[in-house]
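Q: Construct the complete structure from the given sequences, taking the supplied hints into account.
Here the sequence shown is numbered in our numbering, starting from 1 and rising by one per residue.
Keep in mind the hints are simulated off the structure, nothing from the lab. Some hints could be false.
As the list claims (entries may be wrong) - Simulated DEER-style distance windows between Cβ atoms:
(1) P162 x R276: 38 to 46 Å
(2) E369 x G62: 49 to 57 Å
(3) P494 x L299: 42 to 50 Å
(4) E428 x P157: 27 to 35 Å
Remember, it's a predicted structure, so these values are computed and weren't measured experimentally. Yeah, the Cβ is synthetic: ideal placement off N, Cα and C, and Gly gets one too.
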Amino acid sequence: MSEPGREGGEAMERRFTVSFSAVAWLAVSAVFVLLRLGPTWQAPVGGAELVHLSGAWQAREGIADPRFVPTLFQALSTLLLHLSTSEVPPRALAFAATVSIPGALYLLRSRLGDGGALLALLFLAFDGPGIALGVSASAMGFDLALTAWLLVAFTRPRLPAPAWAGIAFVVATGGPVVLPLLAAGAVLAAVRPGMLPRDRRLAWAAAGALSGVAATTLRFGLGVDGLRVAPFDLFAAGFEEEWSTATALEVAGLYSWPLLAAGAVAAILAALSALRRRAIASFDLLLLSWAGVALSWLLVSAGAHSLAPVAALTLPLALHLGPAAVRAVDVVAAMRRANWQIAAGLLGAAAFLAMIATMNVLKWAGRGETGSDREVALVAGLFLMVAGVLAYIAWDRRTAPSLLAVAAVTGLAHMVAASMGVALSGREEPLPSPLLAPQAETMRQQALEMGGSIAVHPGVAPGATWVLRDAPVTVTALPGDAAVLVWPATLPQPQGWAPLEGTWALEAHIEPPTGGALEYIAWLADRNRLDVAQTPVSVYVRAGE
Numbered sequence: 001m002s003e004p005g006r007e008g009g010e011a012m013e014r015r016f017t018v019s020f021s022a023v024a025w026l027a028v029s030a031v032f033v034l035l036r037l038g039p040t041w042q043a044p045v046g047g048a049e050l051v052h053l054s055g056a057w058q059a060r061e062g063i064a065d066p067r068f069v070p071t072l073f074q075a076l077s078t079l080l081l082h083l084s085t086s087e088v089p090p091r092a093l094a095f096a097a098t099v100s101i102p103g104a105l106y107l108l109r110s111r112l113g114d115g116g117a118l119l120a121l122l123f124l125a126f127d128g129p130g131i132a133l134g135v136s137a138s139a140m141g142f143d144l145a146l147t148a149w150l151l152v153a154f155t156r157p158r159l160p161a162p163a164w165a166g167i168a169f170v171v172a173t174g175g176p177v178v179l180p181l182l183a184a185g186a187v188l189a190a191v192r193p194g195m196l197p198r199d200r201r202l203a204w205a206a207a208g209a210l211s212g213v214a215a216t217t218l219r220f221g222l223g224v225d226g227l228r229v230a231p232f233d234l235f236a237a238g239f240e241e242e243w244s245t246a247t248a249l250e251v252a253g254l255y256s257w258p259l260l261a262a263g264a265v266a267a268i269l270a271a272l273s274a275l276r277r278r279a280i281a282s283f284d285l286l287l288l289s290w291a292g293v294a295l296s297w298l299l300v301s302a303g304a305h306s307l308a309p310v311a312a313l314t315l316p317l318a319l320h321l322g323p324a325a326v327r328a329v330d331v332v333a334a335m336r337r338a339n340w341q342i343a344a345g346l347l348g349a350a351a352f353l354a355m356i357a358t359m360n361v362l363k364w365a366g367r368g369e370t371g372s373d374r375e376v377a378l379v380a381g382l383f384l385m386v387a388g389v390l391a392y393i394a395w396d397r398r399t400a401p402s403l404l405a406v407a408a409v410t411g412l413a414h415m416v417a418a419s420m421g422v423a424l425s426g427r428e429e430p431l432p433s434p435l436l437a438p439q440a441e442t443m444r445q446q447a448l449e450m451g452g453s454i455a456v457h458p459g460v461a462p463g464a465t466w467v468l469r470d471a472p473v474t475v476t477a478l479p480g481d482a483a484v485l486v487w488p489a490t491l492p493q494p495q496g497w498a499p500l501e502g503t504w505a506l507e508a509h510i511e512p513p514t515g516g517a518l519e520y521i522a523w524l525a526d527r528n529r530l531d532v533a534q535t536p537v538s539v540y541v542r543a544g545e
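A: What follows is the structure, encoded as structure tokens:
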């Protein structure tokens with residue numbers, strides 16, 4: 001018979017453990033939500049969002065426009081624009097979907113482990129491209145949430161058969177981010193045929209997918225414009241359109257490299273472990289295949305101006321990294337046994353040398369050029385000494401585990417800084433570029449106050465669609481009887497018209513700081529230093545008015 005006091009103590013311990021887990025999940029989920037709340041309301045309109053909001057507005061007006069890609073999110077955005085001319089309601093819709101991702105990862109605890117799923121959520125919370133895409137009113141607004149929940153569905157063999165019709169419909173009317181997971185599912189089906197249902201669930205899924213393709217082909221009631229399969233349409237458009245001033249590879253290097261590097265190491269270790277054991281669980285095979293397909297997409301689209309491939313890769317790699325971090329308990333235990341007296345002294349010396357060298361590099365970065373040959377040699381020597389100290393630490397088993405702390409702090413600091421730059425919607429942050437010019441809304445208000453119609457030259461019409469929404473606009477190369485002209489700055493002033501006072505632009509571009517090492521370092525030190533290059537336009541009113 002157990003002692004009452006002992007039983008009570010064990011019960012209290014269990015309650016404390018459960019409470020701690022719940023508090024941890026609530027805290028990380030709150031961080032995930034809060035980092036996405038600000039951009040929903042205040043981020044500048046830019047990138048794919050600017051393209052697809054313009055397409056949704058044209059669809060609202062009943063105008064055929066290739067920028068309207070018939071995803072479910074795009075169709076719902078068009079409906080919301082009937083209620084409000086602001087970008088906030090469509091963004092709020094994307095936000096509502098994205099903040100369900102913590103729930104999806106919570107349901108994946110049985111596959112990832114409680115700690116693994118929690119850490120994966122933490123890594124995703126600080127992913128800059130994921131923040132931007134997750135609250136964007138682009139046609140891909142549902143993609144991250146859709147992908148996470150599709151993974152949950154794959155792990156639920158008892159899901160009712162009719163549910164697969166809805167899942168397949170949403171996937172068929174979604175964007176390209178879900179495609180790597182679908183391809184991984186196809187790989188799994190080929191390797192292990194018994195993993196996919198052969199009963200009526202497959203028939204329900206096929207019916208849902210066909211319904212989705214029918215809806216996108218009909219463009220949700222706007223009319224047929226050929227066969228349209230939204231995920232593949234957007235996948236192709238990502239190679240052709242400018243959804244980001246930075247390329248996919250530059251976005252990865254500026255924002256997500258710690259997660260991508262650590263996640264890739266975790267995935268490689270998982271693959272090597274499976275090869276040694278000559279066995280792998282179906283879920284692990286799915287994750288590896290998913291990450292492999294997503295990595296292939298990023299490599300193929302490295303020069304494409306889109307952040308979608310980066311966000312598509314960070315999701316599976318975070319799911320690899322979370323459990324891998326939990327499995328590193330033995331390494332953490334080794335860190336406790338590490339000779340911290342030796343490690344602390346060596347790390348302190350390395351930090352001191354690195355600080356001196358970094359101060360010189362920051363001085364060079366501030367003025368945009370390196371110092372004299374003597375200074376360069378001195379800094380190079382200091383960094384070589386730092387590398388030597390770190391190599392010694394890594395070589396000595398007594399101190400090697402301490403390098404994990406250095407790597408973790410470095411990666412975490414970079415991700416926090418990058419995510420805060422996106423979350424706080426800095427005007428000089430390169431991620432949302434190209435974006436609406438700061439004075440675009442002022443131009444719209446002044447043009448509306450003039451009264452009458454606004455004539456927009458075809459050369460600038462695509463960039464003016466969202467700016468001049470809900471305004472009487474005529475796209476024409478002739479002024480006609482319009483009250484206001486929005487004209488390319490390169491064309492001469494039309495006779496009988498006078499320029500509207502001010503400097504006007506429709507779009508602005510922020511070039512990523514990837515021109516050189518000094519430029520990148522200067523940006524890391526001051527994220528508000530990038531120039532905002534505007535594309536000027538001329539605005540005219542009738543002379544004498």
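Q: Which hints, by number, does the structure contradict?
A: Checked against the structure, the only hint that fails is number 4, while the rest are satisfied.
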